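**Q** For the record, the sequence lines run as chains A and B.
Start counting the first sequence at 1; every next residue gets the next number (my numbering).
Start counting the second sequence at 308; every next residue gets the next number (my numbering).
Think of the hints as simulated: they come from the structure by calculation, not from any bench.
These figures come from a predicted structure and were not determined experimentally.
Backbone N, C-alpha and C fix where the C-beta goes; we use that ideal spot for every residue, glycine too.
Some hints could be false.
Claimed, not checked - DMTMM-like cross-link-like pairs, simulated, lysine to aspartate or glutamate; straight-line CA separation at most 25 angstroms: (1) K440/B - D186/A; (2) K468/B - D435/B; (3) K440/B - E295/A.
To be verified - Label-pair ranges, simulated between beta-carbon atoms: (4) R249/A - T529/B: 44 to 52 angstroms; (5) V667/B - R77/A: 51 to 59 angstroms; (6) G126/A - P628/B: 40 to 48 angstroms.
As the list claims (entries may be wrong) - Going by beta-carbon spacing under 7 angstroms, a handful of chain A positions derived as facing chain B: (7) P20; (8) R57; (9) L94; (10) Y98; (11) T101; (12) H103; (13) V105; (14) M109; (15) D174; (16) V178; (17) T275; (18) Q278; (19) Q300.
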Amino acid sequence: MSATRQAARRPDATAASLEPIEDYFVGRFVAMASPCELLVDTDDRASAAALLRTAEREARRIEHKFSRYRPGNLVHRINHSGGRPVRVDKETALLLDYAATCHEVSDGMFDITSGALRRVWKFDGGDRVPSQAQVQEALQHVGWHRVTWADSTLTLPAAMEIDLGGVGKEYAVDHTAVLLAGQTRDAFLVNFGGDLFASGARRGGRHWGVGLDDPERTGEAVLYRIEFARGGLATSGDARRFIRHEGRRLGHILNPKTGWPVKDAPRSVTVLDRTCLQAGSLSTIAYLQGPGAREFLEQQGVEFRIV
Amino acid sequence: MQLTPANRTSSLRGRLGAAACLLLTAGLPSMAQGESGATTQFDATALLYGERNRANVAEPTARIARRFADGQSLSAQFGFDVITGASPSGASPSGVAQTTTSASGTVTTIPAGQIPLNSFKDSRYAADLEWQKPFLRSFLSTIGGHVSREKDYQSLGANGKLSVDLLQRRTTLTVGGGVNRDRVFPVGGIPVGLSDGSTPAGSSALSKDVSTVMLGLSQVVTRRWLVGLNATRTFERGYLSEPYKVLSVLDGTTGLPSGQWMEKRPSTRERWSVLASSVYHLTDDVLSLSYRYYRDDWRVRSHTCDARYRRELGGDRYLEPHLRYYSQSAASFFRTGLLDGAPLPEFATADYRLGGLKSVTVGATYGFRISDRPGEWTVRAEYIGQFGNGHPGATVGIQRQFDLFPTVSIGSLLVGYSVEF
Numbered sequence: 001m002s003a004t005r006q007a008a009r010r011p012d013a014t015a016a017s018l019e020p021i022e023d024y025f026v027g028r029f030v031a032m033a034s035p036c037e038l039l040v041d042t043d044d045r046a047s048a049a050a051l052l053r054t055a056e057r058e059a060r061r062i063e064h065k066f067s068r069y070r071p072g073n074l075v076h077r078i079n080h081s082g083g084r085p086v087r088v089d090k091e092t093a094l095l096l097d098y099a100a101t102c103h104e105v106s107d108g109m110f111d112i113t114s115g116a117l118r119r120v121w122k123f124d125g126g127d128r129v130p131s132q133a134q135v136q137e138a139l140q141h142v143g144w145h146r147v148t149w150a151d152s153t154l155t156l157p158a159a160m161e162i163d164l165g166g167v168g169k170e171y172a173v174d175h176t177a178v179l180l181a182g183q184t185r186d187a188f189l190v191n192f193g194g195d196l197f198a199s200g201a202r203r204g205g206r207h208w209g210v211g212l213d214d215p216e217r218t219g220e221a222v223l224y225r226i227e228f229a230r231g232g233l234a235t236s237g238d239a240r241r242f243i244r245h246e247g248r249r250l251g252h253i254l255n256p257k258t259g260w261p262v263k264d265a266p267r268s269v270t271v272l273d274r275t276c277l278q279a280g281s282l283s284t285i286a287y288l289q290g291p292g293a294r295e296f297l298e299q300q301g302v303e304f305r306i307v
Numbered sequence: 308m309q310l311t312p313a314n315r316t317s318s319l320r321g322r323l324g325a326a327a328c329l330l331l332t333a334g335l336p337s338m339a340q341g342e343s344g345a346t347t348q349f350d351a352t353a354l355l356y357g358e359r360n361r362a363n364v365a366e367p368t369a370r371i372a373r374r375f376a377d378g379q380s381l382s383a384q385f386g387f388d389v390i391t392g393a394s395p396s397g398a399s400p401s402g403v404a405q406t407t408t409s410a411s412g413t414v415t416t417i418p419a420g421q422i423p424l425n426s427f428k429d430s431r432y433a434a435d436l437e438w439q440k441p442f443l444r445s446f447l448s449t450i451g452g453h454v455s456r457e458k459d460y461q462s463l464g465a466n467g468k469l470s471v472d473l474l475q476r477r478t479t480l481t482v483g484g485g486v487n488r489d490r491v492f493p494v495g496g497i498p499v500g501l502s503d504g505s506t507p508a509g510s511s512a513l514s515k516d517v518s519t520v521m522l523g524l525s526q527v528v529t530r531r532w533l534v535g536l537n538a539t540r541t542f543e544r545g546y547l548s549e550p551y552k553v554l555s556v557l558d559g560t561t562g563l564p565s566g567q568w569m570e571k572r573p574s575t576r577e578r579w580s581v582l583a584s585s586v587y588h589l590t591d592d593v594l595s596l597s598y599r600y601y602r603d604d605w606r607v608r609s610h611t612c613d614a615r616y617r618r619e620l621g622g623d624r625y626l627e628p629h630l631r632y633y634s635q636s637a638a639s640f641f642r643t644g645l646l647d648g649a650p651l652p653e654f655a656t657a658d659y660r661l662g663g664l665k666s667v668t669v670g671a672t673y674g675f676r677i678s679d680r681p682g683e684w685t686v687r688a689e690y691i692g693q694f695g696n697g698h699p700g701a702t703v704g705i706q707r708q709f710d711l712f713p714t715v716s717i718g719s720l721l722v723g724y725s726v727e728f
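Using the sequences provided together with the hints, build the complete structure.
**A** Written out as structure tokens, the structure reads:
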């Protein structure tokens with residue numbers, strides 16, 4: 001009988017889908033509706049596989065927790081609270097604090113409550129533009145200043161909604177990097193859908209090289225190649241989601257004050273800063289400045305690329 | 308072009324930096340993996356296994372593993388299986404219908420010309436514990452324990468293993484060993500070997516001790532290619548016969564069975580095996596090949612070739628076809644029956660699993676995730692065919708007309724779920 005049992009249960013070897021490239025490992029998975037990558041500067045496959053597990057788990061955890069498309073999570077509860085106060089956990093509170101800081105320093109341009117506008121704008125590459133009345137109506141339900149946020153309790157007026165998509169992915173990148181740094185001394189680069197964090201110089205003091213896509217030809221042509229050892233890198237732009245209007249291309253980032261896409265905005269703004277969160281917020285705020293993006297970033301004293 | 312974050316900081320940027328810092332540090336301990344940084348993995352599988360017209364196995368298992376921040380891990384696995392059906396008793400087919408009784412007292416009648424089977428129904432509980440601990444940067448120690456119990460068999464085991472990484476972690480050397488203390492307590496007591504079964508049982512239970520030593524070497528050849536070599540020696544001592552297996556006593560001329568003798572195997576067995584394996588990572592896919600050579604002092608020799616190809620299908624899905632070929636020579640004391648009146652050999656068995664046989668496995672594993680849900684699912688389906696010589700040269704009389712090794716067809720289906728939290 002033991003032979004039958006042995007034949008019946010053979011251990012199934014499963015290999016992590018990790019790929020060695022040159023002298024580092026690349027792990028890939030899909031989370032937050034984006035292709036995600038982890039580059040680890042090591043020869044040790046087992047160690048790279050363990051880090052990949054951590055990264056994937058963390059990306060999924062944050063996606064589950066903060067996606068506004070997931071029924072039952074906290075964001076969903078807030079968006080369906082019907083004007084009643086909702087108490088949030090510490091992590092969400094800190095993320096909301098961060099979003100509130102972005103709102104404040106951008107003079108109200110960076111706003112996680114722009115959701116109502118997205119219901120009237122469809123950035124599908126077509127040419128349909130909502131009427132001014134529709135935009136005005138939506139604007140009634142936009143604005144962080146309408147929200148009461150104190151003592152870990154958020155009160156969101158009915159018909160308003162929050163969307164942490166503008167900070168969630170960058171937060172996931174940074175937070176994953178913090179976890180990985182506690183797990184390894186090898187240099188690594190976290191890349192969640194184009195938002196990046198690099199932990200430090202690779203072996204031999206080499207920097208990480210990152211190609212920035214030509215916004216006209218996403219995934220086909222690299223416009224710039226940026227090399228850096230440590231820091232966060234994020235890009236805001238209209239590469240994939242836009243609308244055509246009167247011969248102009250309008251990107252999906254909306255001005256929460258006018259209710260319209262930013263006029264004469266750059267095609268894409270890439271910023272390098274200490275963390276991915278800061279890089280992402282600065283690139284978004286810069287983009288919202290429209291033609292003033294370059295001047296804004298020069299004032300901030302950060303490294304950037306504008307296309 | 309090289310970039311470094313500039314040192315000049317605006318007040319806007321400074322405020323964002325302070326807020327980001329607060330978010331990334333203040334909240335950290337209470338989030339994500341909990342304060343210990345530990346993770347838990349849970350795996351569950353359900354296996355259905357069926358030999359056509361013979362045994363069926365249903366086996367659910369559950370395994371929980373806790374991995375701590377310092378690299379230690381503790382895991383526990385529990386299994387329960389139910390096996391029902393029939394296996395060949397070892398008796399020879401006859402020209403007329405035969406009646407036999409099984410361990411549980413069930414009476415079975417075997418049609419003429421067919422291999423007699425013993426039917427049975429049994430369940431088994433098993434539990435395994437394992438503790439792994441890395442130390443001194445390149446060492447990993449593992450100790451484990453095992454216990455399982457079924458109606459007529461109990462197994463207790465302990466094992467240990469030590470691995471060391473050498474040459475910049477490109478080479479891993481592993482030494483290990485284990486001991487098992489098993490007890491066999493068949494229904495009706497331990498039969499006397501090579502008796503007709505009517506002799507009163509000498510004892511109700513006997514032990515079987517197993518000790519194993521293992522030496523392994525794995526080597527990273529290139530970044531895509533990993534090879535391994537493993538040698539194992541196992542020594543068994545004690546009651547190694549199968550208590551319900553018999554041999555038919557055949558008439559030297561007609562080949563008709565006239566009675567049955569209980570089988571008898573030696574009380575020691577020394578087994579050696581060498582396994583060579585290779586895992587090659589293509590761009591996305593993985594090719595795994597292995598070859599195993601086995602020999603023991605019962606004169607069984609076997610060769611196993613195994614090939615798997617894991618094809619990534621994108622979107623967290625993969626398909627892994629699997630092909631395996633196994634070939635085995637017979638034990639020196641294997642025979643299809645005993646001739647009436649001939650001197651009794653010292654040992655004899657008619658258990659087809661100790662005879663010459665070949666087996667082919669064809670199967671595939673499909674792995675996938677359900678989008679927006681945690682965990683990975685696997686579904687594995689396999690067909691195993693076992694083939695032997697149904698008309699060996701040494702048979703007598705009517706036995707020549709029978710297929711003494713009808714092909715055994717086995718299907719198995721395994722569904723697994725694995726999640727980490």
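**Q** List, from low to high, the hint numbers that the structure doesn't satisfy.
**A** As far as the earlier hints go, 3, 12, 14 are violated by this structure, in ascending order.
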